[in-house]
Amino acid sequence: MSSVDKQLDDLKAEIDEEVPPDITVSDVKYEGPELVIYTPHPKEFAEDGDLVRNLASKLRKRITVRPDPEALSDPASADAKIRSVIPDDAGVTDLDFHEDTGEVVIEAQKPGMVIGRHGSTLREITREVGWTPEVVRTPPIESSTVSNVRNFLKQERDERRDVLERVGRQIHREEIGRDQWVRISTLGCCREVGRAAFLLQTAETRVLIDCGDKPGAEGEVPYLQVPEALGSGPNSIDAVVLTHAHLDHSALIPLLFKYGYDGPIYCTEPTRDLMGLLQLDYLDVASKEGRTPPYESEQVREAIKHAIPLEYGDVTDIAPDIKVTFHNAGHILGSAVTHFHIGDGLYNVAFSGDIHYTDTRLFNGAVNDFPRVETLVLESTYGGRNDYQTDQADSEEKLLEVINETYDDGGKVLIPAFAVGRSQEIMLVLEEAMRTGKIPEMPIHLDGMIWEATAIHTTYPEYLRDDLQDRIFHEDKNPFLADQFNHIDAGEDERQEVADDEQSIILSTSGMITGAPIMSWLRHLGTDPSSRLVFVGYQAQGTLGNRIQNGWDEIPVNNDYNGGRGDTLTLNMGVETVDGFSGHADRKGLMDFVRTMNPRPEKILCVHGDERSVQDLSSALYHEFDIRTFAPKNLETFRFR
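If you want my numbering, it's the 1-based position in the sequence shown plus 75.
Any given hint might turn out to be false.
Unchecked claim - Each pair of labels, with its calculated beta carbon distance range:
id, residue 1, residue 2, range
1, Asp80, Glu699, 33 to 43 Å
2, Ala155, Thr652, 54 to 64 Å
3, Pro368, Asp568, 19 to 29 Å
4, Gln616, Arg248, 36 to 46 Å
Stated by the list, open to error - When the alpha-carbon atoms are kept at most 25 Å apart in a straight line, the in silico SDA-like pairs for lysine to any residue are as follows:
id, residue 1, residue 2
5, Lys663, Arg703
6, Lys473, Asp484
7, Lys104, Tyr334
Hints listed in this document are in silico derivations from the structure and should not be mistaken for laboratory results.
Glycine included, every Cβ here is placed at the ideal spot set by N, Cα and C.
Let's have the full structure, built from the sequences with the hints guiding it.
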């Protein structure tokens with residue numbers, strides 16, 4: 076008998092002692108980080124609302140209870156009973172019964188009403204029908220991504236359960252040795268922006284944090300070939316943790332599966348969905364530009380199948396000696412500051428990912444409240460000594476001023492924007508400005524993936540600011556459904572119509588002008604001196620956006636959108652940069668993030684910034700807080716214990 080089998084037997088015996096005599100436990104299994112209890116008495120479990128909570132506390136496990144097949148009522152009759160239990164105002168749109176696991180997935184417009192106070196409605200459902208309810212939100216805006224992900228995971232349920240059981244056994248195996256040490260190896264994004272990748276190692280475990288590409292630098296990928304990463308075999312990595320979905324952090328995760336990785340990816344639920352959306356678009360853009368994609372769509376599906384979503388604040392075992400906790404990073408939807416607790420109090424490391432320290436229209440500011448952090452790996456995108464962004468209110472005022480001037484000149488405003496995060500922030504600013512009369516009402520055209528990304532935002536409002544959540548819950552107040560927004564879905568013909576029409580605002584991917592529809596808009600509008608190109612996000616070195624910001628006016632036009640041979644365009648439209656909308660903290664925000672930590676870390680690694688930014692921030696943190704700081708290069712290794 077393996078150590079895990081013996082552990083499960085011992086757990087079953089302990090559970091048998093704890094549950095009332097009228098409840099039988101038929102089996103216990105690990106599925107990922109959770110302990111699943113199978114029972115012919117799910118209704119009795121549901122009767123006692125504290126039973127599962129007390130078991131989880133005593134066993135120090137995340138617990139799910141599932142019914143044995145014989146305990147289930149017929150799906151047809153269960154459907155009617157479930158609908159009678161749930162309030163009509165919940166807006167149930169679908170019930171999907173899975174007899175292999177005894178789960179019923181309830182899709183509703185208002186999941187909170189299905190859950191009930193402290194889970195009371197869920198327990199009543201189980202008492203009535205025996206099925207274990209799982210609740211998901213009906214997207215207020217139809218999302219093909221959310222629908223496709225849910226349908227794919229439904230089709231792959233059997234294989235996914237096999238993956239989860241295998242992962243669960245790996246997590247809960249006995250520790251192999253007695254050595255205790257902690258190392259971090261830098262595989263990317265050091266003294267540069269992009270190709271984020273770090274390897275967190277202990278004597279037991281190897282965890283890869285992020286695996287992204289480098290904007291504007293084809294072929295520069297993380298150093299995955301080194302022995303401590305994939306160089307010693309594709310499954311030498313035990314787990315992947317993804318801080319957020321932006322491609323400079325997530326683009327090359329499917330490449331791991333191409334190399335043979337078969338383990339879990341831990342991320343938030345919206346990060347999983349956005350990851351799939353952005354990676355598929357990444358392949359599409361590569362194909363259109365005549366580049367050979369580094370992987371195929373099948374590997375994207377493998378990544379989604381292996382994703383294990385975690386919620387903010389949940390402490391989760393991901394290895395025998397590592398627990399992880401996600402906290403809001405304030406950067407994009409589902410982005411996470413990731414805290415690792417290693418060993419039995421041995422060491423604590425936090426990776427900031429990308430953060431925004433103060434509140435924005437979309438998100439609450441980044442969380443920096445941890446019980447312990449000995450080492451912080453901190454992004455430094457705007458870490459330079461002069462990298463102070465304009466106050467957001469002043470930024471909004473400047474943007475509206477540019478829009479009004481362009482409108483009066485008879486031109487159009489073209490805003491290159493990241494599909495995820497900045498686009499939705501700008502949409503909220505524009506919706507309010509038109510509603511309150513600060514700018515004239517005019518069409519706001521959304522090109523590229525912006526509309527689909529917006530639909531995903533409305534699917535997960537619990538990750539947004541409280542006041543925005545409330546507005547999304549009321550369809551008549553949902554700002555993303557304002558009449559001014561027009562999703563461009565007819566391609567080049569519709570772009571030509573917009574270019575020929577009267578004044579409007581166009582939000583288009585890509586945010587750094589590295590391809591995608593923005594190239595078409597430059598061809599349509601770039602020669603018009605009455606129109607303006609407005610940058611509202613970070614432009615990495617080497618990207619066309621950065622070059623235009625620095626004065627380039629001879630622009631190579633991507634041949635995919637030019638209908639033939641690549642050509643050069645003379646840029647006559649005005650160019651403006653409006654700071655303050657970035658999803659990254661500026662120099663002050665980064666300093667404040669560390670200043671308000673209690674306790675502060677002993678060491679800080681400044682990463683994800685150009686050489687000047689990381690060195691400036693590292694020096695400032697050292698002098699301000701007397702903390703040991705580093706500005707590592709790629710392929711450095713730090714031992715902490």
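Evaluated hints:
1. Hint check: aspartate 80 to glutamate 699, Cβ distance near 53 Å, so the stated range 33 to 43 Å is violated.
2. The hinted window of 54 to 64 Å between alanine 155 and threonine 652 holds, with their beta carbons roughly 59 Å apart.
3. The hinted range of 19 to 29 Å is satisfied by proline 368 and aspartate 568, whose Cβ atoms lie roughly 27 Å apart.
4. For glutamine 616 paired with arginine 248, a C-beta distance near 44 Å keeps the hint of 36 to 46 Å intact.
5. With a C-alpha separation of about 19 Å, the suggested pairing of lysine 663 with arginine 703 holds against the 25 Å cut-off.
6. Taken as a hint, the lysine 473 and aspartate 484 pair is honoured in the structure, with Cα atoms around 17 Å apart against an allowance of 25 Å.
7. Distance check on the hinted pair: lysine 104 and tyrosine 334 sit about 29 Å apart at the alpha-carbon level, beyond 25 Å; violated.
The earlier numbered hints that this structure contradicts are 1 and 7.
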